[in-house]
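As you go down the protein sequences, you meet chains C and X in turn. Just so we're aligned, residue 572 is where the first sequence starts under the working numbering, counting upward by one. Just so we're aligned, residue 13 is where the second sequence starts under the working numbering, counting upward by one.
Treat the hints as calculated values from the structure; they're not laboratory data. These numbers come from a predicted model, not from an experiment.
Which bits of chain C does chain X cover? Going by a derived footprint, with three or more residues having C-beta under 8 Å, they are:
| hint | region |
| --- | --- |
| 1 | 615-628 |
| 2 | 656-668 |
| 3 | 674-684 |
The C-beta atom is built at its ideal place from N, Cα and C for all residues, glycine as well.
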Amino acid sequence: SQTIHQWPATLVQPVGSPLSLECTVEGTSNPNLYWYRQAAGRGLQLLFYSVGIGQISSEVPQNLSASRPQDRQFILSSKKLLLSDSGFYLCAWSVLRQVETEAFFGQGTRLTVV
Amino acid sequence: AQSVAQPEDQVNVAEGNPLTVKCTYSVSGNPYLFWYVQYPNRGLQFLLKYITGDNLVKGSYGFEAEFNKSQTSFHLKKPSALVSDSALYFCAVRDMSNDYKLSFGAGTTVTVRA
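Using the sequences and the hints, build the whole thing.
Next up, the structure:
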């Protein structure tokens with residue numbers, strides 16, 4: 572069966588420090604991969620999605636970047652964190668280009684920038 | 013672009029009463045609709061989906077949803093709510109015009125009182 576791992580679960584970082592959040596998927600190949608951010612326990616904002624290695628689409632201009640160095644690995648990064656980067660970050664995957672399948676989410680990372 | 017709307021920020025019901033969480037959609041073509049639930053500080057869990065076929069879709073934890081094409085709605089329902097159903101609920105749609113990404117509603121917080 573497929574599983575998605577996301578870590579760390581919580582993170583407290585000072586303003587100006589770098590960030591690296593990692594997400595890996597097991598049990599499937601060629602997944603669509605997504606990074607979402609959820610502010611204040613409300614709606615989900617899609618940050619990045621990827622349909623393959625090295626293929627990253629950014630949804631909104633921001634202080635973050637994403638990379639997909641391997642088929643089932645998706646990394647969210649920042650060189651210098653801002654206070655506004657605080658939030659709950661969720662990684663997700665779905666079967667590539669199969670519209671009828673649902674997306675599966677990791678357990679999330681709570682990032683607090685201080 | 014495809015989209016969904018959740019008109020209620022919050023729904024409050026007594027335990028044992030029916031629960032309804034509303035969702036309306038705007039799509040061109042066939043809709044592919046999903047419901048997710050999120051408990052505090054956790055990732056989203058898939059509940060059910062409508063792809064085609066019967067308008068009444070049954071899902072996890074006793075939830076069901078009714079697809080209504082004429083009203084462009086996909087309301088989530090549970091005949092008898094439990095306190096443990098208290099959570100944040102999201103409706104989502106596959107955006108066929110935007111690389112099959114999932115587009116989420118703003119979320120509805122459900123509180124079930126004992």
